[in-house]
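Line by line, the protein sequences give chains A and E. Each residue of the first sequence is one higher than the one before, counting from 12 in the working numbering. Each residue of the second sequence is one higher than the one before, counting from 14 in the working numbering.
It should be emphasised that the hints constitute simulated quantities derived from the structure, not laboratory data. Glycine residues also receive a C-beta, built at the ideal position from the N, C-alpha and C atoms. Some hints here could point you the wrong way.
Computed Cβ-Cβ distance ranges for the label pairs, DEER-style [claimed, not checked]:
| hint | chain 1 | residue 1 | chain 2 | residue 2 | range |
| --- | --- | --- | --- | --- | --- |
| 1 | A | Asn166 | E | Lys165 | 51 to 57 Å |
| 2 | A | Asn166 | E | Pro65 | 47 to 53 Å |
| 3 | E | Ser148 | A | Gly143 | 37 to 43 Å |
| 4 | E | Glu122 | A | Arg124 | 26 to 32 Å |
| 5 | E | Arg111 | A | Pro109 | 40 to 46 Å |
| 6 | A | Thr151 | E | His56 | 34 to 40 Å |
| 7 | E | Ser148 | A | Val137 | 31 to 37 Å |
| 8 | E | Arg81 | A | Ser186 | 32 to 38 Å |
| 9 | E | Ser148 | A | Asp182 | 52 to 58 Å |
| 10 | A | Asn13 | E | Glu121 | 31 to 37 Å |
Some chain E residues near chain A, calculated using beta-carbon distances under 10 Å [stated by the list, open to error]:
| hint | residue |
| --- | --- |
| 11 | Met46 |
| 12 | Glu59 |
| 13 | Ala60 |
| 14 | Asn61 |
| 15 | Pro65 |
| 16 | Val113 |
| 17 | Ala143 |
| 18 | Cys146 |
| 19 | Ser148 |
| 20 | Ala159 |
Distance condition first, Cα-Cα at most 25 Å in a straight line; then the derived PhoX-like pairs of lysine-lysine [said to hold, decoys possible]:
| hint | chain 1 | residue 1 | chain 2 | residue 2 |
| --- | --- | --- | --- | --- |
| 21 | E | Lys153 | A | Lys30 |
| 22 | E | Lys25 | A | Lys44 |
| 23 | A | Lys55 | E | Lys84 |
Okay, here's what each chain looks like letter by letter:
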Amino acid sequence: MNHQNISLFIDDELTLDEKIEFVEEIHGSIPLKDEAVELLRQEKILRSDPVKRISEKVLKVTPLRVLRFLRPIGLAATVAAAAVLIFFFFPFAPQKTPETPYRFVFYRPDVSRVEITGSFTGWNAVPMRRVGDSGYWEHTFNLPQGEYRFAYLLNSDERLPDPTIQTREGDDFGSENSVLSIGGRAT
Amino acid sequence: MSDYGLFYRNWKSKIFNYLVRMTGDGILAGDIMQETFTRHLGHYGEANRDIPLLYRIARNCFMDEMRRRKKQGEVTETAGPEPSIDQDHRLMIRSEYRCVLSAMAALEENERELLSLAAGGDLSYSEMAALLCISEANVKVKVHRARLKLRKLLKEGDR
């Protein structure tokens, strides 16, 4: 038997007659049957949903998430204190973190206004630009490598995380934010 | 919800999963998926429902992103994902899926691509052949070889 038929069977590329023939053949050969079952099991994993939401419980045990509780006032104070320290200790060597343009795109043709709010806007609402009549809204920010949280505001009223980003976490006010990592590892 | 909104909802997971298999990175896959639908809508309009075309656009977006990263020195010679998935992404990739993605990353690029498309279950072998510019007979041979190679890599990983 042509072993390729196992893949043709998995991918539904056999006719019904060929499937009957295939099943009869593997019924008479244990090694062939074992190979078919192994490849079917492997395919089952490969075809399963690869991602899961991060639960709040998991996030809270991650040390990085401590920063969440500092925002927005605490974070501003921390940044200011860090800036003062850097100024005193490294006054002649300012290090600028490289930034990458990151385009946020959101599809909602049925609303008249979309804003974005996140850790990179100081949680201020920044209006997004409507892209013609496409129903898309966009805004580009220059962001250094790191991990960010954000959400969209529809008609200055409804708050939604980004539907295309699977990673989310709840904030302290009962809403959900998308978690975005730019560059390699989160900072 | 508009017709295109429904189309997007129905297909975003399929395209996202295909891109996760290609990149091994959920966040990058989400970005490329977003770009795929933006290009699809921008170039072909709201009425287009050509699924092989949607996969073609996703593949082109993936290749553009890999070229961009290669140019910026973010990836090495092979355009594929890193063999190991970093800690942040481990949080979101299902545990049973991690070893499969690592094994996928160890495949040749064309093997990974064939298995990623086949696992989507949305394209026939003839549609895959057209997308990858190879013969259908070649797809039959290569898909099975890639599956056997993936099984070997997974078994080696278990040891």
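Hints and how they fare:
1. Asn166(A) - Lys165(E): 51 to 57 Å: Since the Cβ atoms of Asn166(A) and Lys165(E) sit about 55 Å apart, the hinted range of 51 to 57 Å holds.
2. Asn166(A) - Pro65(E): 47 to 53 Å: violated (37 Å)
3. Ser148(E) - Gly143(A): 37 to 43 Å: holds (41 Å)
4. Glu122(E) - Arg124(A): 26 to 32 Å: violated (43 Å)
5. Arg111(E) - Pro109(A): 40 to 46 Å: For Arg111(E) and Pro109(A) the Cβ distance comes to about 30 Å; the hint is violated.
6. Thr151(A) - His56(E): 34 to 40 Å: violated (20 Å)
7. Ser148(E) - Val137(A): 31 to 37 Å: violated (51 Å)
8. Arg81(E) - Ser186(A): 32 to 38 Å: Since Arg81(E) and Ser186(A) have Cβ atoms about 33 Å apart, the given range 32 to 38 Å holds.
9. Ser148(E) - Asp182(A): 52 to 58 Å: Once the Cβ atoms are compared, 53 Å apart, the range 52 to 58 Å for Asp182(A) and Ser148(E) holds.
10. Asn13(A) - Glu121(E): 31 to 37 Å: violated (23 Å)
11. Met46: holds (6 Å)
12. Glu59: Holds. Min distance 8 Å.
13. Ala60: violated (13 Å)
14. Asn61: violated (13 Å)
15. Pro65: violated (15 Å)
16. Val113: Result: holds, 5 Å to nearest chain A Cβ.
17. Ala143: Violated: closest Cβ of chain A sits about 15 Å from Ala143(E), beyond 10 Å.
18. Cys146: violated (19 Å)
19. Ser148: Given a least distance of 14 Å, the restraint on Ser148(E) is violated.
20. Ala159: holds (9 Å)
21. Lys153(E) - Lys30(A): Holds. Lys153(E) to Lys30(A) sits at ~16 Å (cutoff 25 Å).
22. Lys25(E) - Lys44(A): Between Lys25(E) and Lys44(A) the Cα gap is close to 35 Å, so the pair fails against 25 Å, i.e. violated.
23. Lys55(A) - Lys84(E): violated (36 Å)
Checked against the numbered hints given earlier, this structure breaks hints 2, 4, 5, 6, 7, 10, 13, 14, 15, 17, 18, 19, 22, 23; the rest are met.
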